[in-house]
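Kindly produce the complete structure, drawing on both the sequences and the hints.
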Amino acid sequence: MHTLKIENLTASVENKTILKDFNIEIKSGEIHAIMGPNGTGKSTLSKVIMGSSNYKIEKGKILFDDKELNDLPTDERARLGLFLGYQMPLEIEGVSNSDFLRTAMRSKNEEFKLYDFIKKINSTVDQLNMDRQMIHRGINEGFSGGERKKNEILQMYMLEPNTIILDEIDSGLDVDSLRIVGENVMKYYKENKPAILLITHYQRLLDYIKPDFVHIMKDGHIVKTGDKELVKEIEEYGYDDEKLGTKVVEEN
Amino acid sequence: MNKIILENDKIIEENLDSSIKYDIFTNDTFGIASLTLEITNDTDLEINYNFKDKTKLETMIIVNKDVNLRLFEKINGEYAKLRTKYYLKENSNVKTSKFNNIKEIKEYTIINLDEENASIEYNLKTISEKEEVYDILTYHNASNTISNINPNGVNIKDGKLKFNVSSFVPNKIVKCDAGQNNKIINLTNNECIINPNLYIDEYDVTANHSAWIGSFNSDELFYLESRGINKKEATKLLIKGFLTNKLEIEETEKENIKNIIDEYWR
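Taken in order, these protein sequences are the chains called S and W. Per our numbering, residue 1 is the first one in the first sequence, and the count goes up by one each step. Per our numbering, residue 253 is the first one in the second sequence, and the count goes up by one each step.
Some clues are possibly wrong.
[As the list claims (entries may be wrong)] Derived Cβ-Cβ restraints for the label pairs, each shown as a range:
id, chain 1, residue 1, chain 2, residue 2, range
1, S, E141, W, E266, 33 to 39 Å
2, W, K358, S, E183, 56 to 62 Å
3, S, N54, W, K358, 39 to 45 Å
4, W, A463, S, M1, 37 to 43 Å
5, W, D429, S, K243, 56 to 62 Å
Quick caveat, the hints were computed from the structure, so don't treat them as lab data. Everything numeric in this text was worked out from a predicted model, so none of it was measured. The C-beta atom is built at its ideal place from N, Cα and C for all residues, glycine as well.
Below is the structure:
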C-alpha cells in the first residue's frame with residue numbers, strides 16, 4: 001500500500017504562481033480524476049510531482065509514504081514507483097525505445113534480464129496493437145499522436161509503477177486508440193492496483209477508466225470533489241461556477 | 253563489404269572488389285600522401301584511418317555516372333590534417349557516414365556535384381576533446397543536384413570545435429537543393445563555432461541551413477529521468493543517440509561507437 005499526499009502545495013514558474021495551496025491524498029487502488037479549464041495548473045501539478053526543475057515549490061509538501069519528495073531528484077522519484085504519462089511525449093532522435101527502456105529498467109532493477117525484457121516488450125507491444133519495429137526506432141520518432149500515447153502506456157507496463165499520473169493521455173487519440181489506451185490502463189489497474197491520478201478534459205476517457213473521486217481544479221487548487229456524478233454536471237454545465245457551486249468568495 | 257585500413261599514410265590492409273579502383277602515392281617534397289578512389293559500380297566501402305603520428309593525407313573520391321556509394325569512414329588517433337575531395341558524376345549518389353575519434357584534426361572537405369542529378373548526404377559525427385576544425389564546402393556545379401550536410405559534434409575536456417560549412421550554387425544552375433544541419437553539443441565552457449554559409453546566386457533553388465551550439469534540451473533530460481534514469485546515464489543515452497543517429501552503418505558498428513562513448517563517459 002502506497003500513499004501520495006500533497007499538502008498545501010504552492011508552486012510557481014518564472015515568478016508566476018500556478019499551484020496555490022493544493023491538497024490531495026491518493027492511495028493504492030484509488031483512481032482520482034482531476035478536471036478543469038485550460039490554464040488552471042493541471043499539467044503543472046503533474047510535472048511538480050515528478051520534480052521538474054522548471055518549477056519552484058514556494059511552500060507545502062509532496063509526500064510519498066510519508067517520505068518528503070520536495071528535494072528528491074526526478075529519477076529517484078521514478079524509482080520509488082512514480083510514473084508520469086505525458087500530455088505531449090517528446091520525440092528524441094537517435095535514442096531507440098529499446099535502449100531507453102532497457103536503461104530505465106536496469107536503473108530500477110539490478111537483476112534485469114534481457115530475455116525477459118524482450119519477451120515482455122514484444123507481448124506488450126502486441127497488446128497495445130503497436131508495430132514491433134517501433135521498438136528499434138527513436139523515442140517517438142515519426143510517431144503519430146496516438147502512437148506516442150500508446151508508447152507512454154507501453155513504458156508504464158514495462159516499468160510497473162505503483163503510482164501513476166496520466167496527463168491528458170486521451171488528447172489526440174482517435175476512437176480506437178482511446179479504447180486501447182483506456183482498456184489497457186484499466187487492465188494494469190486491475191492487475192496491479194496502483195494509485196492513479198488522471199488529468200483529463202473529457203468524459204469520454206472516463207467511459208473506460210472509472211474514477212473513485214472526481215476533482216474540479218481551478219486557479220491552482222481543487223474547488224470541488226465528488227464522485228463520477230460530478231462528471232455529468234461538468235458535461236451539462238461546463239465549468240460554470242454558479243451552477244457547479246464552485247464560486248470562490250474572496251476574503252477581505 | 254569493401255574495406256581499406258590505413259595507418260598514418262600507408263594502406264596496411266585492403267579488401268576491395270572490382271567496383272573500386274584505387275591508387276596511393278606520396279609526394280616526398282611536401283610529405284603528403286594522396287589516395288585516389290574511383291567508384292565504378294554500386295557499392296559499400298569502409299575506410300578506417302589510424303593516425304598514430306602526425307599525418308597529412310589527401311583523398312580523392314570519384315563516383316562515376318549512375319553509381320551509388322555508401323561510405324563509412326572511421327578516424328582514430330592523435331593528429332591529422334586531411335583534405336578530401338569528392339567528384340560526383342551524373343545520377344550518382346553518395347551517403348557518407350563518418351565517425352571521428354581523434355585528439356586533434358583539421359579537415360578540409362570539398363564536395364563537387366559536377367553533373368546533373370548528383371546527390372550527397374554527408375553525416376559527420378565527432379567527439380572533440382582538443383582542437384578540431386572542419387571546413388566543408390559543397391559546390392553545386394550542375395542543375396538538379398542535392399546536398400544534405402550534417403556535421404554533428406560533442407565537445408568535451410579541452411575541446412574547441414569549429415564547423416565552417418559553405419554551400420555554393422552559381423547563377424543558372426537551377427533546381428538544386430542545398431541543406432545544412434550543423435549541431436554542436438558543448439559540454440565545456442570552451443568556445444565552439446559554427447559558420448553556416450549559403451552562397452546562392454540563383455532564384456530557382458531550395459536552400460536551408462541551421463546551426464545549434466548548446467547543451468542537451470532540459471525537457472529531453474527530464475523525460476528520461478522521469479523513467480528512473482539518473483542524469484549521467486540520461487546524458488550518455490542522449491550522446492549515443494546524437495552520435496549514431498542518421499549513420500547508415502551496421503548495428504555492430506553502432507554498438508562499437510556506443511562502446512567508445514561508454515569509455516569517455518564511464
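Here is what the structure says about each hint:
no.: 1; hint: E141/S <-> E266/W: 33 to 39 Å; verdict: holds (37 Å)
no.: 2; hint: K358/W <-> E183/S: 56 to 62 Å; verdict: holds (59 Å)
no.: 3; hint: N54/S <-> K358/W: 39 to 45 Å; verdict: holds (41 Å)
no.: 4; hint: A463/W <-> M1/S: 37 to 43 Å; verdict: violated (53 Å)
no.: 5; hint: D429/W <-> K243/S: 56 to 62 Å; verdict: holds (58 Å)
In this structure, the one hint that does not hold is number 4.
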